Amino acid sequence: MLSEEERKEIEAECALYEHRRPATSEALKIVQRHRGWVSDEAVKDVAEILGASADEVESVATFYTLIFRQKVGRHVILICDSVSCYIMGYETLKEHLGRVLGIELGQTTSDGRFTLLPNACLGVCEQAPAMMIDEDVHGHLTPEKIPDILSRYA
Amino acid sequence: MAVLYVDNQPHEIRPHEVGKNLLKVCLGLGFNIPYFCWHPAFQSVGACRQCAIKLFKDEHDTKGKIVMSCMVSAKDGMRISIDDPEAIEFRARVIEWLMLNHPHDCPVCDEGGECHLQDMTVMTGHTYRRNRFAKRSFRNQDMGPLVAHEMNRCIQCYRCARFYRHSAGGRDFGVMGWHDRVFFGRFEDGVLQSEFAGNLVEVCPTGVFTDKTQARHFTRKWDLQTAPSVCVHCGLGCNTIPGERYGSLRRIRNRYNHRVNGYFLCDRGRYGYEFVNSPHRIRQPLLRENQAALRPISAQAAITHLGNLLHSGRAIGIGSPRASLETNYALAKLVGAENFYHGMPTKHLRIVRAMLDVLKRGPAPSASLHDMEKCNTIFMMGEDIHNVGPLMVLSLRQAVLQKPIAEAAKLHISDFEDAVIREAIQQEKGPFFTGVPGFTKLDDQVTQAYRGAPHDIARLGFAVAHMIDPAAPAVEDLPVERVQFAQRIAKALQDKKPLIVAGYNCGSESIVRASANVAWALRKKGFAAHLAYTVPECNSMGTALMDGGEIDDAVQAIASNGIDTLIVAESNLYRQLSLSGFDTILRRIKHLVVLDCLPNETTAWAELVLPAATFAEGSGTLVNNECRAQRFYQVFSPAGDVRESWKWLSAAMVASGRAQSEPWPDLDAVLAALARDIPVFAKVPGITPPSSFRLMGMPVPRESHRFSGRTAIDADQTIHERPPEPDADTPLRHSMEGYPLQPPASLLGRYWAPGWNSDHALNKFQQEIDGPLREDAPGVRLVEPSGGQPSAEALNIEYLGLVPPAFQRRAEEWLVIPAYHIFGSDELSMHSPGIAELAAKPYLQLNQADADSLGATPGQLMTMTVESAVCTFPLKVGPGLPDGVVAIPFGLPGLPGVALPAWGKIRPAQPGEPTGVRQA
Amino acid sequence: MEKVLTKNMRPGEPMEIDEYERAGGYQGLKRALKMAPLEVQELVGRVNLRGRGGAGFPAGKKWALVPMEQAARRPKYLCINADEMEPGTMKDRLLMEGDPHQLIEGAITSAYAIQADCCYIFLRWAYKLSARRLAKAIDEAYAHRYLGKNIQNSGYSLEMRLHTSAGRYMCGEASAMLDAVQGKRATPRSRPPHAEVCGLWGKPTVVQNVETICCVHHIVRNGPEWFMKLSKTEEGGTKIYGCSGRVNNPGVWELPMGTPVRDILFEHAGGMQSGYQFKGLLPGGASSNFIRQEHLDTPMDFSHMEAVGSRLGTGTMVVMDDRICPVGVQLSLQEFFARESCGWCTPCREGLPWIARALRAIEEGTGQAQDMDVLDLNAKHIRLGNTFCALAPGAMFPLESALRFWREDFLEHVRQKRCPWKE
Ligand SMILES: Cc1cc2nc3c(=O)[nH]c(=O)nc-3n(C[C@H](O)[C@H](O)[C@H](O)COP(=O)(O)O)c2cc1C
Ligand code: SF4
Ligand code: FES
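Protein chains in written order, with our numbering: chain A, 613 to 766; chain B, 42 to 961; chain C, 933 to 1355.
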C-alpha cells in the first residue's frame, strides 16, 4: 500500500501531464525516496495509481540504474568506476571498501547498513576517485579517508 | 513503373511501392535479405541491423554507404547493392553478434526446422561461433497452458513486445531490463492475458515462444501433414494450416489470407484444435436398441438403419451453423427443404437473417477484416468484440490509427516507420464510438462509450441514422445527453471511411436494423460506409442463406405433427433450445439420429449416432461473417468410420430410396448440386479447383518433400509401405509425392521455399509483400449489395423501422443478457484442455447498485429463473452493466440455450441449493 | 581574457535573482523579448553556435528546423540536456551550481526564439546540488515574471520544469532523452523526423546542452561580433574546458574556444604530477579518440580536433599517464559503454559486452590472440550508421585509437599472460 504522502506526491506529478503514464519514472522515484527501494508490491501499487499494468511499470523500472528493485541497505554507496576515477585509483579503493565493509559490489552488509554499488561517472572527475553515499559526494578519496567517511552514516 | 537498380541490374517496381521500405520491396522482387525486427504487419524500427545493404547516391558513387534497408524508402532510379562485400560482411557480423549468446540448442528446440533465426544464420553464412566466453542466461516464465517461454534463445528483436502491446493491445507482457540483459516477459509468472498471445509463437523468429499444446505431441514442421483450412471456432473464417501426424492433429498455424486474417489468429482458433484428438471422439456408428446403451454397429448397418427409418416414417432434419454448407445441404436434400430446420437458436437465426437482408439490400457492403483496417471512423453497436469476433479486434485497433497516421504523414514520416509514427501520434486515436451493455476490453481504444441495455443501444443507432439523414426513422424521447452523443457520432461518421460494427452479442435484431440505417444514411450522403457483423458460428451466414425453418418451429412440428424421425447434423440441440424445447423433442420424437464428432447432451439421447468428421478430417465450405465462402480441406483421413456428415447423409439418401440413385461420388458432385439448387451458392464450386485439377499431371501433396519415415511409419505392424489414403474430393493427396512447386493459393497448405524453412517463406508466395498471394484465391463473397455501388441520387433507400421502446427496468424481474467468452462460449474448443483450463466459470453478473439492492455480495450463490431454466451461480459484480440487467455467460458446457435477452427472476440461493442448471 | 559563462561565479552559494539582475542578468532576455523570435534565431545562426553537448551541431541550424508558422503544432518544447553522464565530464555541473540563473535566462531566451511553450531541464540524478539550486532559481524566475504567463509583459509565456533522471547514460542522447522525459524507457529514435518537428509528445522540440544554452542570451546582449572575438579560432565564444587524471591541478576552466590542448594541460591543469609521464588523453570525455604528444598544439575546437582524428566532444579531457595500464583504462571505458547500452540495436547490445569480455580476459591474463581479433573486428563494424544511435560508435573512438597507438601494450598482455602494470 502506498502511503498517503506517496500518493499525494504521485498525484501531483500526474497532474503535470495530460495522461498519467508519463509520471511512471517519477512515481517510482517518489516511492524509492520514501522507502529506499521499490518492491514488487510497490510496482503494482504504482501501476494501479497510474492506470498502467505492473508490466508496463516494471519495463520502465528495470531500465534505470537508480531504481532499486531489490532491497538495499540504509545507505547506498555508489562508487564511481568510470575512466577518470579508474585512472586515479578506483580499483584499490573498491578493494579497500569491500574489505572494510566485508562485501562485494552489489551486496549489502549483513547489518543492513550499507549497499555497495558501482556507478557510472558521478560528474566530479576533478575530484577522482569519488563516491556518493546517499546524497553526498565524496571526492579525492584514499583508503585512509574511508573509515572516517563511513562513520558518518549510522 | 519505377526502376530500382539492385547490384546494377534494373528492376521494375510498382508505382505504389515507391516510398515503401527497401527491404519489403526487395523481398517482393525475390531477393533474399536477412531481417529480424521488421515484420510486414508491424513494419520497421531498425533495431536488429540485420537487413543492411549498400545505398549509392548515383551511378558515379562507387563507395556508397551502409543503410538498413527496412528504414529507407524506395525511390525511382535508386541504386542499391545487396551483394556489396562490405554489406555482406556487416550482415555476417550482425548474425554473429546475435548468435553469441544463443544456446545453439536447435535439436531440442521446438522451433528447429522452421526457425527464422536458423534460416537467416544460414543465409548470412555464419557457421562458426567465436565467442569463447560464458553465455548469458535468463530464467523462463510460466505463461499459462498455451505458450512456452525459453528466454535464452532470444535475440532481442523486440517483435514480441511490439506485437503484444501495439498490435494486440496486451498490457501484461513487455520488455524489461537493459543492455544485454533485455528480457521479454511478464512482471511475474502467470497466464498471458491477451487473447492473441499465441501469435507470439509465429511472431518470434526463434524458439523463445513455442506452442505448449504442440509440445505434448511434438512433430517437426516437415513431418506434419497439412492442408489449407478454415477456423471453425467463430464466424470470422480465419484461414489456418492444421498439421497432423500419426492420426492426431498436432497444431494450428496461421494461413495468410490478405483479405481475411492476414498474419494472425486468436488463441481460440490456434489452440481450440485439440477437440479433434479427444479420447471421447465418436469414431463408430452407435445404435441404441430397446432403450439399452448405445453400442457400435458397422457403417453399412448404420446406413441401412437410417435408410429404413427414412423409408418408413416422416422425418425432419436440423442442420448446424458449425457444419459445412455441404452437410447442411445434404440434410435439406435428404429430408426435403420444407422439413429442414436451422440448428441454431431462433434468436440467432433471426439476427443473422436480418444481417443478410441488410447486406443484400445494400447499399453498404460488408467489410472484410482487411477492409476494416483501412476504415477511419467506427461506430460499434452492442459488441464485446474480443469475445464474439476476436480477430476483428486487431483490425479495429488498426482502424483507430488511420486518422492519426494520416496526420503524421503530414510531417513527412514514412508509413513504415513504426516507432516514429507511434511517437508522432502518441495517444491519438481516430473516432471510435460504442454502445455496449458493459465494459469491454476494447474500451481503452474508444473515444466515447455509451453503456446501456440492448434496446437503448439500438435506439442510439436509430437516432444517429436519423441525424445523418432525417428520412431515416426518428427516435422519440431520447434523453438530452444521448441526443448529444448521437449528434457527436453522426458528425464523426460523415468521413471518408466510416465503419459500422454490429452483431449478435446483444441478441438484438433492432441493433442490426439500426446499424443498417446508419450505414445506409451514410451511403446516401456519399460516404463509403461499410458494415461489419459478427455471427455466432463458422457457417452461420452460409446456413442462413439456405431456406429452412427456425428451430422452435421444429419443436412445434415435433410436438404437434407426429414426426417420427429427427436427424440432427452436428448440432447439440441442448445448446440451441430452451430446456423445455429440448425436453419436448426428447419426449416426442420416436427416432433421434445424430451426426456429430463428440458426445453431448443430444447424442446422449440418440437412437443412432453417426461419427462425423471434424474440419481436419473432411473437406467442405464455410461462409464467414462477411459472406465469404471459403473451402477447408481434409488434412488427414480419420481412423474408424468417421466421415463427413454429407457423406453419411448421401449414403442414407440412397438407402432410403429418396432422391438419388447413387451417392454423390465426391465433393464436386455435392457442390454442383448445391450450386444448381440454390442460386446464391452458384459461385461456390469455383472457389477452389475441382478434384480433377492437376499440375503437370500431378496432384498437390499434403506432405512435405522432407516428410520422414514414410516407408517405416508402420514398420512395427507391416513391412509394406502403406499406400496413400485415397482422396476423391480434392486435388490434394495424402502423400509427399506430387507437384513440387507452388500450387494455386487456395491449395497452399504449407510455406516453404529454398532457404526459407520458417513461416517467413510466405514472402515467396505473395504477389508483393503484405499483398495478395500469387494466384490469389481469398474465397468468394456471396452477397454484395444489389446493383453494386449506385450513385447517391440513384439510391432509393427504404430505411428499416421498428424503433424499439426505451428499456424500462422491472421491479421484480431482470433483463438477462448473454456474456460471451472467447474461452468457454464455443462448444468444440472447450474439448481442448488448454482452452478449457482458461475458460470462464459460470457466474451471474450485476452492477454494484443492483447487487446492493438484492443485498448480495460478490461470490454469493444466486439463483435465477429464466424461461424454463433455474441457474444457481456465484455472483460477480461488474461495472458498466446497466441497471436492471443481469449477464450470464453464454454457452459454457452444461448451460442450456436460453434465448437471451429474456426476463428472469433472481434471489439468493437457499442453503444447500446446488450450483448449476436445472429445469424449473 | 574575458570570462562570460563563469563571470558571476564565486565560492559558496550562487547569486540569487536580485544580485544576478544587478550584475546585468536578464538583460539579454529582455532585449530578446523586444526582438522578433526569428531575429533571435538569426543572431544565433550568425555566430554558428556549435552545440556543446558533444556533437557540435550548430544550434541556429537546429532552430531553423522548428516550424514557426502560426499553425505550427503546439505545444512546442525546449529540452535542456543536463544529463552529463559522459565519463570525464563535469562542466555543466559547474554552470548549474555556479550560476543557475544564467542557464534559466539562456533557456528562456532560446525558448522565445523558437516560441516554445514549455521548457524541460533534464537533470542528471547525481547532481543533487544543481537540482536544489536550479529549483530555487526557477521559483525566483517565476516570482519575477521571467517565467509563466506573459513574461515581462511581452505577451510571451513559458513554463519551466525540472526533470531529474533515474540514471542511465543513454538518457543523454537527445532522442532517448525525450522518452525519458515522457517517463518511458529511454530508447533512441530514428531520424528523420527530427525532434524539431516531432519530438517530445510528438510535438516540435529542440534539445540543447546546458553550456550551449548558457551562451545564447550573451550573444543577444552583446552581439555576434563580440561573441566571435571571444574565441581564438573561427568557432566563436568561450568554452568550458576541464581536465582530470594524474595532473597537478585537475579542474574546469572557461577559456577562449580554440585554446590549444597544451595550454590547458600544462598551464591550467598544472601539468603531470611528478613521477607520471603523459601518455595520451581523451579530449572530450569517454567517447572521443585518444590523442598523443604530437597533437598537443592543436587548438581545442570542433574542426581542429576533427582534423587530428579526434573530437572536441565535451571539451573535458581525461589524461592517461604512463603508470596506468592502457588495457585497464580501456576495460573501464568499454565496461561502462556495455553496461549503459539501452539494448535496442544489435551491434551495441551484443558487440560491446563481447569487447568488454575480451578486454577483461586480456587484462586479467587469460587473453588469447583471437581476443585481439574480437577487438579489431568490432571496432571496425560498430560505426555510425551501422548502429542505431551514436552511443556504440562513441565507444569505439577510444578503443580504435588505443589499439592504434598502444597495440604493443595489448599484445604484451597476451604474450605475458598477465598485466605488465601489475606486480
Ligand atoms: C550516448 C550519448 C550520450 C549523450 N549524453 C549527453 C549529455 O549527457 N549531455 C549532452 O548535452 N549531450 C549528450 N549527448 C549529445 C546529445 O545527443 C545532443 O547532441 C545534445 O544534447 C544536443 O545539444 P547541443 O547541440 O547543444 O550539444 C549524448 C549523445 C549520446 C549519443
Ligand atoms: S523473444 Fe523472440 S521476438 Fe522477442 S525479442 Fe527475443 S527473439 Fe525477438
Ligand atoms: S530488419 Fe531492418 S533493422 Fe531489423
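Derived from the structure by calculation, the hints contain no laboratory data.
Just so you know, these numbers come straight off a predicted model, no measurement behind them.
Treat the hints with care, as some may be off.
Said to hold, decoys possible - Below, in silico cross-link-like pairs of lysine to aspartate or glutamate (EDC-like), each with a Cα-Cα straight-line distance of 16 angstroms or less:
hint, chain 1, residue 1, chain 2, residue 2
1, C, Lys-1060, A, Glu-747
2, A, Lys-656, B, Asp-230
3, B, Lys-470, A, Glu-630
4, B, Lys-566, B, Asp-536
5, C, Lys-1354, A, Glu-630
6, C, Lys-1116, A, Asp-746
7, C, Lys-1116, A, Glu-630
8, B, Lys-537, B, Asp-624
9, B, Lys-98, B, Glu-130
10, B, Lys-415, B, Asp-811
11, C, Lys-1060, A, Asp-746
12, C, Lys-1349, C, Asp-1308
13, C, Lys-1060, C, Glu-1029
14, C, Lys-1312, B, Glu-130
15, C, Lys-1354, A, Glu-707
16, B, Lys-98, B, Asp-125
17, C, Lys-1164, C, Asp-1229
18, C, Lys-1116, A, Glu-638
19, B, Lys-946, B, Asp-891
To be verified - Here are some chain B residues pointing at chain A (derived, C-beta under 7 angstroms):
hint, residue
20, Val-59
21, Arg-212
22, Phe-228
23, Asp-230
Note that CB positions come from ideal geometry on N, CA and C, so glycine has one too.
* To do: Run the structure past the numbered hints and jot down the numbers of the failing ones, going up.
  => 5, 6, 8, 9, 12, 20, 23
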